[in-house]
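Visitor: Each chain is listed here by its residues.
Number of protein chains: 2
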Amino acid sequence: MLVIEEEIKMSNVWLLIIIGICLIALLFVVYNYIKIYHMQEGTDRMIKMSGIIREGANVFIKKEFTTIAIVIAILAVLFTLFIEKYSGITYILGATMSSVVCIVGMKSATYANVRTANKAKDSLSIGETVKVALKGGSISGLSVQALGLLGIVLIVLISGIGPQTVETLTGAGLQNLKAYEGNGLINIARLLTNTSVMRITTYSLGCSTVAMFNRVAGGNYTKAADISADILGKIRNDLPEDDSRVPNVIADFIGDNVNDIAGNCSDLLESFVATIAASIVIAIGLLSSYSNIITAELFKATYIFPLVMAGGGLFGCVLGLFIVSIRKMGNNPSKELNLATYISAGLTLIICGVLCYVAFGNSGVDLKELGWKIGWASPWICAILGIASGVAIGLITEYYTSADYKPTQTIAEYATEGEAFVVTKGDAVGSRSCLFPVLIIGASLVISGLLCGTYGIAIASLGMLSFVGTTVSIDAFGPIADNAGGLAESCHLDPEVREITDKLDSVGNTTAAIGKGFAIGSAAFATVSLICAFVGNFNVSGLPIPKIDDFILIAGAIIGGALIEFFCAILTDNTIKSAKELADVGDKQLSNPDVLAGVVDPDYNELVRLATKSALRRMLVPSIIALAVPFVTGVFLGPEFVVGLLLGSTICAIPRAIFMGNSGGAFDNAKKYIESGQLEGHGKGSAAHKAAVAGDTIGDTRKDVVGVALDIFIKMMSTVATTLFVVITALYAFFSSLF
Amino acid sequence: MLVIEEEIKMSNVWLLIIIGICLIALLFVVYNYIKIYHMQEGTDRMIKMSGIIREGANVFIKKEFTTIAIVIAILAVLFTLFIEKYSGITYILGATMSSVVCIVGMKSATYANVRTANKAKDSLSIGETVKVALKGGSISGLSVQALGLLGIVLIVLISGIGPQTVETLTGAGLQNLKAYEGNGLINIARLLTNTSVMRITTYSLGCSTVAMFNRVAGGNYTKAADISADILGKIRNDLPEDDSRVPNVIADFIGDNVNDIAGNCSDLLESFVATIAASIVIAIGLLSSYSNIITAELFKATYIFPLVMAGGGLFGCVLGLFIVSIRKMGNNPSKELNLATYISAGLTLIICGVLCYVAFGNSGVDLKELGWKIGWASPWICAILGIASGVAIGLITEYYTSADYKPTQTIAEYATEGEAFVVTKGDAVGSRSCLFPVLIIGASLVISGLLCGTYGIAIASLGMLSFVGTTVSIDAFGPIADNAGGLAESCHLDPEVREITDKLDSVGNTTAAIGKGFAIGSAAFATVSLICAFVGNFNVSGLPIPKIDDFILIAGAIIGGALIEFFCAILTDNTIKSAKELADVGDKQLSNPDVLAGVVDPDYNELVRLATKSALRRMLVPSIIALAVPFVTGVFLGPEFVVGLLLGSTICAIPRAIFMGNSGGAFDNAKKYIESGQLEGHGKGSAAHKAAVAGDTIGDTRKDVVGVALDIFIKMMSTVATTLFVVITALYAFFSSLF
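One line per chain: the protein sequences are E and G, in this order. Counting in this note's numbering, the first sequence runs from 11 upward without gaps. Counting in this note's numbering, the second sequence runs from 11 upward without gaps.
If you're looking for bench data, these hints aren't it; they were derived computationally from the structure. Watch out, some of these pointers could steer you wrong.
If several chains are the same, the list does not tell them apart, and a pair holds so long as it fits within one copy or across any two.
To be verified - No more than 27 Å apart at the CA atoms, straight line, and that leaves these computed lysine-lysine pairs for DSS-like:
#, residue 1, residue 2
1, K416, K682
2, K557, K587
3, K345, K623
4, K590, K416
5, K244, K383
6, K345, K694
7, K416, K587
8, K623, K416
9, K58, K513
10, K598, K58
11, K416, K694
12, K587, K73
13, K416, K345
14, K244, K598
15, K244, K700
Sequences are here, hints too, so could you generate the full structure?
Guide: Structure below.
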């Protein structure tokens, strides 16, 4: 017992170090926040317009989180009453962390946008302007990683990995792993849950729930506003982009923050947390499979390592972003942003290697017996694979969506043949772009699986996400720059200013596309890790692992695939319904000749209120599908069906999400390619441009609503299933016994 | 030994009866062919135009089959040399049967189209006209079922199910099931194959190969011609549909025959044959799993029953089509066509029940020990489930694609908001339409699996296909009616005639949509049966059945999903490339003012030659992917990877194929809805109509190229894998041993 207690103390030291890193990161966040806050906002009109944006964003957030809070509260009570006493609290903790990140991100972005525009106006320097936008973005990015990690570390520190695992190690026998001591307050179902696993997974589920609602509502808000503004501005009236006479334009600006900041932050926070949770659950599964080899020390290493690795990555991100923030910046924004990524990723890689050696180098166990092909370095190689895959997928995404390469240029060329050709070609580009990312994911899966089993897959996934702080910072740079450009236009700043913000915006578009590639890649990895964790539960519970010829499983898989299409359909329908509503209301305002002449400001608030209402009304159904389907089908059709469901939906969702993101991105940039006059003989206003605009509008829903929501949909379903495995099997056994 | 020899004789009697039914069906085909041939063709212009169509179709067929023959010959030689002596011959037999069906179908359709137009002209009666078109269609339909079945029955009759299975039954032991005696002429790889299984599956593979090439080339041909004709007629010049001044119009007519007749016939022939083959392979697998229970008599029943069932269905189809052909027909073509389906399906159901009782009713074995929940009736219930699922999927397809229901009407309404809204709404309708068909497939899978194991799944699949003769007849009705309408237009017949053919055409559109639903449903079932057969091979070969947490399998599944998207991309790109080529050449001809004025006929043949060339040039790559991927990946990554690949591609392809078919069908009918003036205030020529035309053009590629090719793609991959299982495992073992 002495050795084990010492081990726990040792690992507690590790946990305290991670908490320290989180606090450093949060201090940096606060510092940046204050810095941004105290910058100048610019002209009166800029102050007024940005005030409306901030106000609108606050109203949306307040209303949205009120609804979310109700759902969270109900589920938290259910968890505490029926499943495990403290899991309601950890569930709320997860939801709170995610919500705080969203609120901080949105607040800082709505401060940073106008200050970015103002910096461009005052300095006329690209480098200075980039710094402001990136500082704003880093507030979101570092909050995501620091708060997400802080929550899970606190849970592990306070509740430990549970006495039953320690018992196992001290000889009370593996069978006790099944007899968990955790229960809800009301013990109707006589569930025996592993307290630590329940607390960790419910924390992750809290993050998922907020992310799901955020993505669905945010996507609807932003694209309904964007599409309706485009219809009014570009199709029904001939106005420039972001013209302040279009009443929907402010809702569009708010939408950028709602979806690209809050939605993206909560999405990646979720991936990050879910991956750590899956790693820990898999580490526990490893213990149950190799109880004869795994020592106390090694077990602690397997479950602490993911946390330490995430902490090391966070440290790398803080350093990377700090270095970039103090360097003198040149006029090439892409280079500066890439530098931040490379420093963060590089540092993470090195730190990770050292940590891996410390954790596994002297375990006293021949790790090859665990199937770790190259000993202590196996997890490290897996992490490297994850990082490399993320970068590679990002580059492929850039190839398929940037106007610098052939796919997008061909879409623009086909635009001369009309809308049908644009869309058909765009569909082909989107479909074609799936193969290589998926081959990379598949190869990484196989290699990390061969090197290090399911644990390796989870670590590869975590590798991709271990510098999520920087990834999100750069992602958040995009909407801030976009908003700054919008403000420059609608506040009638000099064309020179708009030129600078346009340059930032176009870089932002590419980083957004790459970020989406990263989000999809990490979602695919995270989901596969979660499925592995879910299947591992069969082992832990003493059930046979389902075979591939189980027709309940096959039926589940086929239905999972169709569920993805159904989910896409709901989101798409909701978006165009909302867009039509918003366009019609905006049209009514624009029919006032004073508004069209620019003499009177339109009533922006009417549109903002309507966009909020539409988005929130349409948020519940898709989110509840993700929560309910794995649970309900599991209870009635059994865990084999759920395995199939998760696998089928993941297999379909990965290429669908890539398709949606890349076809949308390519449409967007094909339109911009024509607008920039690069397609000879077909400039802005030509028939080809009109066709490209139609493509762009179609792509809007695909890339910013459907594609991004698919990621979180599959992660959420897998998290629900993994969290509720014990409940599902118990209730299924109960219902089966009735027949 | 005596009992077994008697059993074989008994089953030979069954086989001879089936051959008899096939011959009756073929006699009926010949009778109809002669009847059609001797009908009047009509005016000189009709004779001329239909002659050009027939000529063009013949040229295409000749060139296409020359290419196909080379591929078939190479593979046949490889099979005979390296795998099993006679399998090259059976492979050629399968390819020949499929080719003959295509040629007969195309020839009869190109005779029937002009005679249908002429009958409309002479009789001005819908009922009479329907009869001619349906007679033409029944030639294709009955050929499919009769020839497909004849080939496989001959193989079973001549080669038997192989001495090794008989040995098993006489006590030489199950282990001999592994030691098959079949080998190629050159025994390098030392493969031990089951001769009968190899001959049956290579027969099926022959059918697949032809179908694959046909679908890919046919789809490209027809849609390139159609889209280019639409661009020239509707967008660049304002001409009515099917106007004979558009040079591409004849290629379009030929295309209808090439894809909707030849493509469809070979596709459904393939499903039908593959399903029978899978049933027999599964029956052999059953024997190896239950050797302690299964008697000689029962074994024969399990492998003969699928054949007998198919024969019974064929008999039902002959009767159904005969009854409809001698009835006096009313003015409601849908009713008449539905009647044919109901009679055929009803008769099939009854015959099937009787046969099931005869085969399994007195087996002397308690069938519940095999897991057949309700004894002899289990397979019958599975067959009923298959038939019911097929009909239900057809009805759902009709709901989502017919202008009589809300989904299509809403697309038309959104057309008033422009192209982007049409496409987005159409995408949503397509995605939404996947859920219910897949739920039906899933439920049928589970129920038939529970009732009767994997054998039940194969029988359910066969149930859906057991009256394929009638299904294809009605499918083939569509393009004949479509061509008749086109001839009425381009030969300047009275508007009254065009009204009749339009009515037939619109019925044909609905039957085509339903037929596509059926094709997809049956493809899904057939593929799942084939996957079951493939997995069953693990058992027979003594390999462990892969578990769901095998990450090689998971990687295969994810890659399989992306492969589907990649395949869609290639086909889509090829189609628009060809369409653009054809449009440009057609445009050049139309720039001659005499052609546009209608004084001089355009050079139809230039377009026909170009369409043929483009289609054939772009046929090879996609088809070879389907042939090569499962084999190559299997050899290097192992059979577990292939299981994943098949499963992943099937899971993705089913909803994708439904999406493609239904969004395409809905776009088409939304356009027609507006053209018919049912959308108030937005008739033909309005902006809404223009937007709907763009939707229709996008849908053309989806429904007639991509959607239908996906069916055959997954069936083909599964057939390749099942056929080559032994080869794949042997070569994989060899390559693995090198490392």
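Visitor: Each hint should be assessed against the structure and marked as holding or not.
Guide: For each hint, the structure was consulted:
Proximity of K416 to K682 under the C-alpha cut-off of 27 Å is restricted to the intra-copy arrangement: shortest distance 14 Å within a copy versus 36 Å between copies. Proximity of K557 and K587 under a CA criterion of 27 Å is satisfied in neither setting, with 43 Å inside one chain copy and 44 Å between copies. Taking identical chains as interchangeable, the C-alpha atoms of K345 and K623 are never at most 27 Å apart, the minima being 41 Å within one chain and 48 Å between chains. For a Cα distance limit of 27 Å, the shortest separation of K590 from K416 across copies, 18 Å, qualifies, whereas the shortest one inside one copy, 34 Å, does not.
Proximity of K244 to K383 under the C-alpha cut-off of 27 Å is found in neither arrangement, the shortest distances being 59 Å within a copy and 64 Å between copies. Taking CA atoms no more than 27 Å apart as the test, K345 paired with K694 passes in neither setting, with 29 Å inside one copy and 53 Å between copies. Proximity of K416 and K587 under a CA criterion of 27 Å is satisfied inter-copy only: 15 Å between copies versus 34 Å inside one chain copy. Taking identical chains as interchangeable, the C-alpha atoms of K623 and K416 lie at most 27 Å apart only when they sit on different chains, with a minimum of 26 Å there against 41 Å within one chain.
Taking identical chains as interchangeable, the C-alpha atoms of K58 and K513 lie at most 27 Å apart only when both belong to the same chain, with a minimum of 25 Å there against 63 Å between chains. Proximity of K598 and K58 under a CA criterion of 27 Å is satisfied intra-copy only: 24 Å inside one chain copy versus 58 Å between copies. Proximity of K416 to K694 under the C-alpha cut-off of 27 Å is restricted to the intra-copy arrangement: shortest distance 20 Å within a copy versus 37 Å between copies. For a Cα distance limit of 27 Å, the shortest separation of K587 from K73 inside one copy, 21 Å, qualifies, whereas the shortest one across copies, 50 Å, does not.
For the identical chains of this complex, K416 and K345 are intra-copy neighbours only, at 22 Å inside a copy versus 52 Å across copies, given an alpha-carbon limit of 27 Å. When the C-alpha separation of K244 and K598 is checked against a cutoff of 27 Å, the pair qualifies only within one copy, where the shortest distance is 16 Å, while the shortest distance between copies is 34 Å. In this homomeric assembly, K244 and K700 come within 27 Å of each other (Cα to Cα) both inside a single copy, at 9 Å, and across copies, at 18 Å.
Violated hints, listed in ascending order, are 2, 3, 5, 6; each of the other numbered hints is respected by the structure.
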